[in-house]
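Trainee: Chain residues, written in single-letter form:
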Amino acid sequence: MEAIVEQLTECVVKANKNKQALCIRGGGSKDFYGNARALRYPKLEIRPYQGIVDYEPSELVVSARAGTPLNELESLLSEHGQMLAFEPPDFNGAATLGGCIAAGLSGPRRGYAGAARDFVLGVKLLDGRGRILNFGGRVMKNVAGYDVSRLMTGAMGTLGVILEASLKVLPKPESERTLCFELPVEEALETMRRCAGQTLPVSATCHIDRRLYIRLSGIESAVDAAHVKLGGDEFGDNLSFWESIKNQTHPFFRGNKRLWRLSVKSTAPPFSITCEQAIEWGGALRWFAAAEDCTATAVRAQAEKAGGHAMLFRGKDPNISAFHPLPPALLKIHRRLKRQFDPAGIFNPQRLFPEF
Amino acid sequence: MQTRLNERFQNTPQGREAETILRNCVHCGFCLATCPTYRLSGNELDSPRGRIYLIKQLLEGREVTRKTQLHLDRCLTCRACESTCPSGVEYAHLLDIGRNQVEQTITRAPIDRMLRFALRKVLPNRNLFAFVLKSARLCRPLLPERLQRMVPAQPKIRQNPPQANHPRRMLVLQGCLQPALNPDINHAAERVLDKLGITLLEAQKASCCGALAYHLDAQPEGLDAMRRLIDAWWPYIANPDKPIEAIVVTASGCGVMVKDYGRLLKHDSAYAEKAARVSELAKDIGEIVAAERPELTRLLENCPASEAEAIAFHAPCTLQHGQRLDGVVENILKTAGFRLTRVADAHLCCGSAGAYSIVQPHIARQLRDNKIAALTRDDPTFLVTANIGCQIHLQNGTQLPVRHWIEILDRVLCGETGDRNP
Amino acid sequence: MPRANLVKAFRKLLPSESVLFEPEDLRPYECDGLSAYRQMPMIAVLPSNEAEIIEILKICTAEKIPVVARGAGTGLSGGALPHADGVLLSLAKLNEILEIDPDACTARVQPGVRNLAISEASEAYGLYYAPDPSSQIACTIGGNVAENSGGVHCLKYGLTVHNILKLRVLTIEGDSLEIGSEALDSSGFDLLALMTGSEGMLGIITEITVKLLPKPETAQLVMAAFDDVEKAGAAVANIIQAGIVPAGLEMMDRMTIAAVEDFIHAGYDPDAAAIVLCESDGSNEEVADEIEKIRDIMHMSGAVRIDTARNEAERRRFWAGRKAAFPAAGRVSPDYYCMDGTIPRKHLAEVLRRIEDLSSEFGLRCMNVFHAGDGNLHPLILYDANRSGELEKAEAFGARILEICIEAGGSLTGEHGVGIEKLNQMCLQFGEAERDIFHAVKAAFDPDALLNPGKAIPSLRRCAEFGAMHVHRGEEKFPDLPRF
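Protein chains in written order, with the working numbering: chain G, 1 to 356; chain D, 357 to 778; chain C, 779 to 1262.
In case anyone wonders, no lab produced these hints; they're calculated from the structure. A few of these clues could be false.
Each pair of labels, with its calculated beta carbon distance range [unchecked claim]:
#	chain 1	residue 1	chain 2	residue 2	range
1	C	Ala1098	D	Pro500	46 to 54 Å
2	G	Lys305	C	Glu874	19 to 27 Å
3	G	Ser272	C	Ala1098	33 to 41 Å
4	G	Val5	D	Glu416	52 to 60 Å
5	C	Ala829	D	Arg695	41 to 49 Å
6	C	Ala1242	G	Ala298	51 to 59 Å
7	G	Ser78	C	Ala1098	35 to 43 Å
8	C	His1077	D	Gly693	24 to 32 Å
In silico DSS-like links for lysine-lysine, alpha-carbon gap of 27 Å or less [as the list claims (entries may be wrong)]:
#	chain 1	residue 1	chain 2	residue 2
9	C	Lys944	G	Lys332
10	C	Lys989	G	Lys305
11	C	Lys842	G	Lys332
12	C	Lys786	C	Lys842
13	G	Lys305	C	Lys944
Partner residues are not named here, just some residues of chain D that face chain C (Cβ under 8 Å, in silico) [unchecked claim]:
#	residue
14	His383
15	Gly385
16	Phe386
17	Leu388
18	Ala389
19	Gly398
20	Gly406
21	Leu410
22	Gln413
23	Gln510
These figures come from a predicted structure and were not determined experimentally. Ideal placement from N, C-alpha and C gives every residue a C-beta, glycine not left out.
Using the sequences provided together with the hints, build the complete structure.
Mentor: So this is what it looks like as structure tokens:
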């Protein structure tokens, strides 16, 4: 494994010297995600750098190399009755831990348990100068120095190559059950909102195809009690439904239409837009499967009005920035940070924003 | 906290006491949260921790000016900080030492001196104050509206003193301002205790408890008032034939002072022992009534059940922080069938604080308005408190009646006119 | 600009009582909750709104004057220690709760609002703000964000970083940034995480949107006494391993138990070597089930006494003992020095043993309070500041404890921050390259290094000097430990 790190370092040092842009890549499960230009550059393959570095179930912490396949990591945790509580998608099954952290994507449980960034405790990083850096650690609480580990989460590899990551893990719930309600969107949003204001063991919500799905997770008696409180029918195929939402294999996400992801204030009213919509995270995540005539400007304006932002998740368009553009003052800080971590601008240029 | 007291103070009793208190403070800042003046100004100098620091630099021999005096003056001595302090810092004692030192170092502006002098002379003098108040009430219609509101109205007096002479006897502090402002409080206490089988006695020549002068930068004057009061009480206390059980105080502001006599006079060999005995006997009227709970409950059974009236109780700082009697009066009122509304920030001072509302009118008014807002949020039919100062001060800021709780308990037990005989 | 001119300039912006510049007024501002470090600022200003802060920062930027932000001054690492040539910017007057949105479960507040005040204001809606540092009655939310404060419930409910949504930040260059959003994530880098715990070095926070949670239906507490610290440590591990995430999981050692029991009378077992407090909250069903499991595990782990609080009053009393641990130290000893290291839980027994050795070596007593759930150790070193040399001894003792935590794979601070106090140990926890990145991050926000300079991140020179001294002392050398 040491040899791989040496190789990667050498590669970065050389690229830095020659100002040669690189595309950092793990399993390629998220090649569709972000701005496409970065994919043209020579690949810095991380997948070979894999393996669990340390896992102590009683510490609730796992550390693994970036190339470790996500499903391998998750099955190890599962053996010990634990899980990654942010339920990261692995799309085509090839996702790696490094890509999972770099993209910072979280699944259905995010609205209730937290996001990828909430569980990142530490990273080992290869910066633009080819230096290996350690931030954070393997303890739950650590406020020494700036939180660079979380800064890496969702930075799409633009600030450095994640070599290892330590994550907080949580016990798997004893029991899970999904309830299903036939509800129009307004009532579904209202129900989601009511759930959020009470101490119910809700772990996921999704409104899709005019049905509201609510997943309950916890000890059996608590799940029973919540079921009684909420009513509704038990939906049989619990696991595969949520898998299909998480990995976007559900028919809603398929097809050639553009898929917009709007992250908004959970109480935002339903959007008046003529396209198919799905809602997750108690109302805080809205998906638009939109035709091409639905302009980016219009979608982004709606998202901003609802206190959030819009991302073109699938269906790349060279004329549309995948991520919501930043206001000038924030862009200034982003550019400066980029320059500090990656002075030659070699890591995933423009994958995140066209400006760097 | 580290201390390096100036030689001048190192070997004085006050200096030693101050040092012990200062060493207990770990500078955690919890007291900031419950300090009324800090909550208004957000300035560390108007917080207990800031004042402790100001006093510390004074005792460490650094130069201080009128500004230190100003920030010490602004303290209400509500002692909410002491209730909050996890390290047991006796802030009020330290403040007394600090104020006394500052008073000796800094000369006040003439106008300030005059005001304080006048207050010290008029307020504790029962007859003089009664005369001033009477004159003011007479002139009231002629005064501008703002001043009109400052003159407390004449309350309804329901004199109906009990005649019984019970074997259980207690002394009652008559007070200085209270008889003129609201004599009904002590009358009510007499009637209620009479029902409970206790006779209240008033000592001749007993006057002010000394709190006003003591907290108006004339500590020696205040101590003299205390000695006079002890002298007036002593024949009753020392009488072996007809012993008194307790000294009842119906104003919590006076109560906290009398309970502190023992400490304040401990270095006065002539009075130390007597003062300690007085402090030992001193009880708030709430403590006395609470101790008779079974009898009270029995009496209440015979009273016509009144509809559960919603009342808002303001616990005076001297009751909840000074005497640490949080919840005592509240429980009595609940027993008597009243519904107490929820009051946010119940630990905060109303701004009355002895003569504070006169010497610091601006802060006092802000605190009063905040307090009234907190008290009236759940629409009570009237407000209730346990100290004459708070009662008058609050009444200035609201149309709702403000009463002493013993008055309303009296009305329940003895009827509107004070003559009900169950 | 000379001080007099600066005072004049500030007085044009603020009422005169809000501009402090004489030693008499400044001395009470010379330290925060860590009074061992003291420094008077050149000037202290007390603005009451964002517009005033903007103008103050403009003057400071133009004149290159350092700015140190301060909330309630309850911090325990000297993070708000003033700068001798700088302006102390008190945010205490910005203490308004601007909005509570019970539907979205959020509150928008100013930085000077007290942590507990948010929960008090949300109570009417059945909501509360979860992070509860021990100083929650007094500490401000702005300070919580600056330090990424935790609390006894953070194993289950997270730290400040997990419970805030959005910040309004003024940069020293005069830009106003909206970081984060009312949604659950936002576009671009996670600057919200970067700002949280940045100890006032990156920007001045003027508004914070926090997440509120529904109040749990019920809470229940188990207190277990052990005759051996190792067994108590094992009990903690067993609880976690059994798939339980308790709302609170705390441990105290023998000396702490004695000190606390003396004045709180919490009902702890005075003969115990360690006590573990384990709280469960949630719905009635969950709590009943979890408490039963916890009791079983405590029993299996060898607890000599297991008590479940019989009622709310007893639950509060059990907690009161734990919460009073720091002040109890203040009653046992005139001064105490509180450390804040974190360690992987499995090293607890070993670390405690080494602390005990150091205690006899330095001749100073030490109490240990432990947020066992998340490995956060608070050794309280007892000393007397009025005895010459004792503070220095306490500091040396503390430094050694932090070094032990770092060696064990932990961190030198779990929740109190680095501030001025732990700068030297930062040189041990991070190598030169990491520190270089920290300085680079700072430069991205504050190119002239005017915000809280000299805190949190040691200069390269300081580390070089500290390193030389450290090796020179001939004690254990600390090679650049890999953090993984």
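Trainee: Against the earlier hints, flag every one the structure doesn't satisfy and list their numbers going up.
Mentor: 3, 8, 23
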